[in-house]
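> Build the full structure now, drawing on both the sequences and the hints.
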Amino acid sequence: MDIDVKSLHPLEIRILRHVTRGEQITAERMIDELDYKLGQCNQAFSWLMGKGLLEETRRETRVYYELTELGHMQAEVGLPGERMFNLLKEHVAHSLPEMAKALNLEQRDIGSAFGELSKAGVFGMDEQKKAILKSDALPDTYQVIKQLILRAQEHSLCETDLDEDEQRVIGSISKKRGASMVPFKIVEREEVVYALTAAGAAVQGQLEAAGVTGDELGALTPAMLAGGSWKDKSFRSYSVASPPGRVLLGRRNPYGEYLQWVKDKLTTLGFEEFDGPLVETEFWNGDALFMPQFHSARDIHDVYYVNNASHAREIEQPYLDQVAAVHENGWTTGSRGWGYEFDHEFTRRQVMRSQGTVLSAKTLPKAKIPGKYFGVARCFRYDQVDATHGADFYQTEGIVLGEDVNLKTLLGLLKMFAEEVAGAEEVKYVPGYFPFTEPSIEVHIKHPILGWFELGGSGIFRPEVTKAMGIDVPVLAWGLGIDRMALMHLGLNDLRELFTPDIESVRTRRGK
Amino acid sequence: MPKIEVHTGRFFELLGDTYTDDQLEEILPAAKAELDGRDDEQGILKIELNDTNRPDLWSAAGLARQLRVNQGAQAPFYDFFSTDLEQFECEDRVVEVDQSTTGIRPYIVAFAVSGKAVDEASLKDLIQTQEKLCWNFGRKRRSIAMGVYRSDLITYPVQYAAVDPDTTSFIPLQMDLPMTLRQILKDHPKGQEFGHIVADLPRFPFLQDANGQVLSFPPVINSAEIGAVQIGDEQLFIELTGTVLKDLILAASIVSCDLADQGFTILPVKVVYPYETEFGREIVCPYYFQEPVSADLSYVNSLLGEELSADQSLEALRRMGIYAIADEQKLFVTIPEYRNDFLHPVDVVEDVMIGHGLGRFEPVMPRDYTVGRLTSAELFARKVKDIMIGLGFQEMMYNYLGSRKDYIEKMHVDGAEYIQIANPMTENYEYVRASIMPSLLNSESVSGNAVYPHRIFEVGKVAFLEPSDNSGTVTRNALGFFSSDSAIGFNEINSELAALLFYLNRAYSLREVQDPRFIEGRAGEIIIDGVRVGIFGEVHPAVLESWGIGMPSVMCEMDLDLVMAL
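Line by line, the protein sequences give chains G and D.
My numbering puts the first residue of the first sequence at 9, with every later residue one more than the last.
My numbering puts the first residue of the second sequence at 14, with every later residue one more than the last.
Rather than coming from a laboratory, the hints here were simulated on the basis of the structure.
Fair warning: there could be bad hints in the mix.
[Said to hold, decoys possible] The calculated label-pair distances, taken between Cβ atoms and stated as ranges, are:
(1) D:Gln55 <-> G:Ser318: 42 to 48 Å
(2) D:Thr31 <-> G:Gly499: 39 to 45 Å
(3) D:Arg373 <-> G:Met424: 18 to 24 Å
(4) G:Arg504 <-> D:Ala512: 29 to 35 Å
(5) D:Ser322 <-> G:Glu349: 41 to 47 Å
(6) D:Ile540 <-> G:Ser54: 57 to 63 Å
(7) G:Glu428 <-> D:Gly276: 51 to 57 Å
(8) D:Asp427 <-> G:Tyr313: 18 to 24 Å
(9) G:Arg504 <-> D:Asp427: 52 to 58 Å
(10) D:Ser499 <-> G:Ser54: 28 to 34 Å
[Claimed, not checked] In the EDC-like style, the derived pairs of lysine to aspartate or glutamate whose C-alpha atoms are separated by at most 20 Å in a straight line are:
(11) D:Lys396 <-> G:Glu196
(12) G:Lys45 <-> G:Glu196
(13) G:Lys376 <-> D:Asp381
(14) G:Lys436 <-> D:Glu26
(15) D:Lys129 <-> D:Glu26
(16) G:Lys454 <-> D:Asp360
(17) D:Lys203 <-> D:Glu144
In this text, a Cβ means the ideal position worked out from N, Cα and C, and glycines have one as well.
Quick look at the structure:
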C-alpha cells in the first residue's frame with residue numbers, strides 16, 4: 009500500500025516508530041511507554057487500523073481499579089485511621105467527637121476507623137472514655153492500602169499487576185458502583201491487542217528513511233518564537249492538497265454588484281444618476297408621459313393603487329396645467345392632443361411606480377442641455393409572479409438631451425449600449441411602440457450565448473412630453489433589459505432568484 | 014399588446030405571396046409586428062402587434078395591407094367613404110336613434126355588407142377583429158361594442174333606444190327562452206362579463222328593427238336569431254355603439270376596409286340622431302373624418318438626422334400606404350381611412366422612417382460632452398456597504414412588497430405607518446415595506462440549514478405614510494443588518510454599530526427604548542445631533558417564535574438619508 013507519510017498524524021507516527029513487528033501492541037503499553045492518554049491511543053489505533061497498518065490479534069476483558077473521589081482525597085491527606093493515629097501520637101487522649109472536629113471528619117468515619125483499629129489492638133479507651141494509643145505502629149495492611157492509593161494516583165491498577173496480598177486488600181476497599189464510600193472503584197475494560205502489519209512495517213521503513221519521528225513541530229506559537237525553541241527542531245509537513253475548511257465572509261450580493269457595474273458603466277459614458285420615490289401620482293406615472301388617462305395604452309401598465317394614501321394633495325405647477333392642456337388640445341406643442349376632458353382627480357391618484365420612464369419625465373424640468381441621465385429604478389406591476397415576472401423589479405432607464413439629438417444618434421447610443429453594456433456582437437434595430445416616444449426603436453442584439461434577444465426599447469420623446477416639461481430640444485429616451493443580462497451573468501433562469509431571501513443561495517452565488 | 018391569429022392561407026392570399034418564417038420576420042417589423050408562433054395543424058400564424066395605437070393592424074386583412082404596400086404594392090382605393098361634403102345614398106338602410114340614449118350610450122354607427130358569402134376564414138377574422146377592437150381599443154366594450162347581424166332578416170329603419178331593463182326581454186344567443194335585460198346581466202355569461210358597463214344605468218341600450226325584432230342588447234349580447242351570423246351568410250349588418258363617436262367611426266372604417274380587401278361590397282348606412290353630434294344629426298358610415306396633417310421637411314430631417322428630399326419622403330410615405338404631396342419643402346399628408354394616430358407632425362416622421370427603411374439609417378455617436386455622476390445617496394450607500402462587508406456581513410437584496418402577516422403581525426407592531434395596496438394580486442403582496450427588519454427575519458426563517466453564524470445586511474428603500482408630505486408618503490434609503498448564532502447578544506451588535514458609525518464619521522448617542530420587536534432593556538435608539546436615526550438590539554423571543562426562528566438574533570435598522578444629512 010502506498011501511503012503519503014504526510015497524511016499520518018504525529019500520534020500514528022510515534023506508535024509506528026516505537027513498535028516492531030511481532031510485538032503485542034496495547035493501549036496500556038502506549039500509555040506507559042509513549043505517555044499517551046487512553047483517548048489518544050484509541051484514536052491512533054483506529055486510524056492505523058483504517059489504513060491497514062495495524063491489525064487486531066485478540067481482545068480480552070481486564071479488571072482495573074481506579075481511585076474514587078474519596079480515594080483521591082485520601083491520597084492527599086491520608087487515611088482516617090492513619091490521621092487519628094498521628095493525632096493521638098502528639099496529644100495523648102481525645103474523645104471521638106473531639107477527634108472528628110480536629111480532623112474535620114465525619115463521626116461515622118471516625119467511629120468505623122476506631123472500631124477497626126481497636127480490634128487490631130492499636131487504639132483503646134481510657135476511663136474518661138477518651139481514645140488512647142495502645143501500640144506505636146499501624147498494622148501492615150495500612151501500608152499496603154497507602155501504597156495502592158499512591159500507585160493508583162499515577163494510573164489505574166490492573167488486576168494482573170497486583171500480588172495476592174494486594175488483591176485481597178484492594179478487594180475489601182473497592183466497589184463496582186456507588187463507590188463514594190470507598191477509595192477504589194472497579195472498572196472492567198476490554199483490552200485489544202494489535203500487531204503491526206506488513207504494510208505497517210513498510211510505512212515504518214518509509215518514516216525511518218524520511219527521518220520523521222512524530223516529534224516535529226505542529227503549529228508555530230509565539231512562545232516558540234520568543235524562546236527560539238523551533239531552531240533545533242523540524243516542522244511537521246502538512247498535506248497541502250487536503251480540502252480546506254469553509255470560511256464565512258462578508259461580501260456583496262452578486263446581483264447588486266452587477267447593477268453597480270451597470271451604474272459605473274453608465275457614469276463612465278457620461279450619464280448622471282437620478283432617483284425618486286416608490287409611490288407616484290398618475291400624473292407622473294402616465295399623464296406626463298402623454299398616456300391618455302382612459303386609453304388602452306395604459307393597459308400595458310397594470311398598476312398597483314395605494315389604498316391609504318390614495319391621492320396626492322397637489323401636482324406641481326405649471327406642469328399640471330400644461331400636461332392637462334396637452335392631453336385636451338395639444339396646448340402649444342403642435343399636437344391636436346387626445347381630445348378628452350383631463351381628469352384632475354384621477355391625476356392625483358397614487359400608484360406604485362410602474363415604469364422607470366417616470367423618473368426620466370420628472371428629470372426633464374431640471375435637466376441640463378446638453379445632458380445625459382439614467383436611473384436604476386424599482387418598479388411595481390400587477391402581474392402574476394412567476395419565473396419571468398416579479399411583483400417588483402428594477403428597470404434601467406435614461407434620457408439624452410441636446411440640440412443635435414436625432415434618430416441616428418439614438419441608433420449610435422443603442423449601439424454603444426449593446427457593445428459596452430451587453431458585449432453584443434451584432435445589433436439590429438426594429439420599429440417599436442411606446443406611447444411617449446415617436447419614433448420608437450427596439451434594439452435587438454446577438455449575444456454569444458443567448459442568440460438574438462431584445463436588449464431594450466427607446467425613442468425620441470414626443471413633443472407632447474418634453475414641451476409640457478419646458479424642454480424645447482429633442483430628448484432620446486431609452487430603457488435596457490438589465491435583468492435578463494443579470495440572470496445570464498449569474499447563471500440563473502428565474503427572476504425571483506434575484507431577490508431570494510435564502511442566505512446559503514446568496515452566499516454561494518457567483519457572477520461569470 | 015394585442016396578439017392575433019391569422020389563417021395562414023388567407024393571409025398569404027391577402028399578401029399576394031407566400032413567405033417562410035424567416036421572411037415573415039424580415040417584413041413584419043414594418044407593422045411593428047412579431048411572429049409569435051405557428052400552428053401548422055390548424056393552419057394558423059400567431060402574431061403579436063406592438064402598436065396599441067394602430068387597431069387597423071389587428072386583423073389578417075389590415076396587417077396584410079400594411080405589409081403588402083410596404084413591399085411595394087399599390088395602396089387600395091376605397092370608394093365607399095362618405096365625407097362631410099358628400100354622403101352616399103343609403104336607400105332604406107337607416108338607424109333611428111331615440112332621445113332616450115342620451116347619457117346612456119349615446120352613439121351608434123353602422124354599415125352593411127353584401128356580394129359574397131362569408132367563409133370560415135373571413136368569419137373567424139371578423140370575430141377576432143370585433144374582439145380585439147372592442148377589448149383593446151374599445152376599453153373592453155366600454156367605449157366600443159360591435160355587433161354583426163344577418164341583414165336579410167332586418168326590416169329598416171333599425172331603432173336604437175334605451176329601455177326598461179325589467180320589462181324588456183328577448184332570446185339572447187346561447188339561450189332558448191326569452192330573458193329580461195336584468196336577467197341577462199345576472200344569468201347570461203356575457204351579462205356577467207360585460208353587464209357592469211350598464212348595470213348602474215336607469216335604462217339599458219336596446220336595438221330592434223322596424224317590426225320590433227330584436228337585434229341586440231349592446232354592449233352585452235346579440236339576439237339568438239338576427240344576431241347569429243353563420244358561414245354562408247351573404248348579407249351582413251354591422252353596428253358599433255359606444256361613448257366616443259370618432260373611435261366608433263374609425264372602428265367602422267377599419268372593419269369595412271378589411272371586408273372590402275376580401276372582396277365584399279360595402280353598403281352605407283345612415284344614422285339619424287335626434288340631437289347634434291360633432292358630425293351633424295345624420296351620419297353616413299363608412300365616413301371619412303380625418304383632417305390632413307402637414308410636416309416641414311426640415312423638421313422630418315432634423316429628427317431623423319438625415320437629408321431626405323421631398324420625393325424620397327413621399328416615396329417613404331407611399332410605402333406606408335399614405336398619400337402625400339410636397340409643396341415648398343412641406344409635406345401634406347392625407348391620413349388613410351383606417352388610421353387616426355396622427356396627433357402631431359412627429360407621427361409623420363415615424364412613417365417616413367419606417368417607409369424609408371430603418372436599416373438605411375447609419376448609427377452616429379452622440380457628440381455632446383457630459384459629466385457622469387452618481388447620486389450622493391448611491392455614493393453614501395456604497396460607503397456603508399463597504400464597512401458592512403468589512404464587518405463580515407453578506408449583502409442581501411429583497412422584494413419591497415409583502416404580506417400583512419410578515420410585515421406587521423410577525424413583527425408584533427401595529428403597522429400604522431404601512432402603505433397598503435388597494436388592488437393586491439394576492440395578500441402576499443399587499444403592503445409596501447416600511448422597514449428592512451421583516452425582510453431580514455424572513456431570510457433567517459428560511460435559512461436554518463445555512464452554516465452559522467448568519468450575518469446579513471441590506472441597503473435598500475423603505476416607504477411609509479407621512480401625512481406632512483404632499484403625497485402622504487415618503488421613500489427612504491435604509492440600512493438593516495442582522496446576526497444570529499448560538500451565542501450572540503447585545504454586545505456584538507453594539508460593537509458593530511459603533512464601528513460602522515465610527516467609520517462613517519458620525520458622533521452618536523444611545524437611548525434605551527421599549528419596542529415589541531426587541532427584548533426590554535436590550536434595545537437602543539441611535540441618536541445623531543438629537544435626531545433618532547435608527548434602532549437596534551436583541552430580537553425578542555416572541556418575534557423569533559412568530560417567525561419560527563430557533564437561533565438567538567440581533568438586528569439594527571438605520572435611516573441612511575438622515576445619517577447622510579446629519
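> Evaluate each hint against the coordinates.
Against the structure, the hints:
For the hinted restraint 42 to 48 Å between glutamine 55 of chain D and serine 318 of chain G, the CB-CB distance of approximately 47 Å keeps it satisfied. Range check, threonine 31 of chain D to glycine 499 of chain G: about 42 Å between beta-carbon atoms, so the 39 to 45 Å window is met. The hinted range of 18 to 24 Å is satisfied by arginine 373 of chain D and methionine 424 of chain G, whose Cβ atoms lie roughly 20 Å apart. With their beta carbons about 34 Å apart, arginine 504 of chain G and alanine 512 of chain D fall inside the hinted range of 29 to 35 Å.
Between serine 322 of chain D and glutamate 349 of chain G the Cβ separation comes to about 42 Å, which falls inside the hinted range of 41 to 47 Å. Here the CB-CB span from isoleucine 540 of chain D to serine 54 of chain G is close to 60 Å, well matched to the stated 57 to 63 Å. Our hint of 51 to 57 Å for glutamate 428 of chain G and glycine 276 of chain D holds, since their Cβ atoms are close to 53 Å apart. Taking 18 to 24 Å as the suggested C-beta distance range, the pair aspartate 427 of chain D and tyrosine 313 of chain G conforms, at roughly 23 Å.
The supplied range of 52 to 58 Å is broken by arginine 504 of chain G and aspartate 427 of chain D, whose beta-carbon atoms lie about 30 Å from each other. For the pair serine 499 of chain D and serine 54 of chain G, the supplied restraint of 28 to 34 Å holds, since their beta-carbon distance comes to about 29 Å. Between lysine 396 of chain D and glutamate 196 of chain G the CA atoms are separated by roughly 66 Å; this puts the pair beyond 20 Å, and the hint is violated. Restraint check for lysine 45 of chain G and glutamate 196 of chain G: the C-alpha separation of about 18 Å stays at or below 20 Å, so the hint holds.
For the suggested pair lysine 376 of chain G and aspartate 381 of chain D, the alpha carbons sit about 12 Å apart, so the restraint of at most 20 Å is met. With a C-alpha separation of about 29 Å, the suggested pairing of lysine 436 of chain G with glutamate 26 of chain D is violated against the 20 Å cut-off. Proposed proximity of lysine 129 of chain D and glutamate 26 of chain D is supported: the alpha carbons are some 17 Å apart, at most 20 Å. With a CA separation close to 30 Å, the supplied pair lysine 454 of chain G and aspartate 360 of chain D exceeds the 20 Å bound.
The straight-line distance between the Cα atoms of lysine 203 of chain D and glutamate 144 of chain D is roughly 13 Å, inside the 20 Å bound, and the hint therefore holds.
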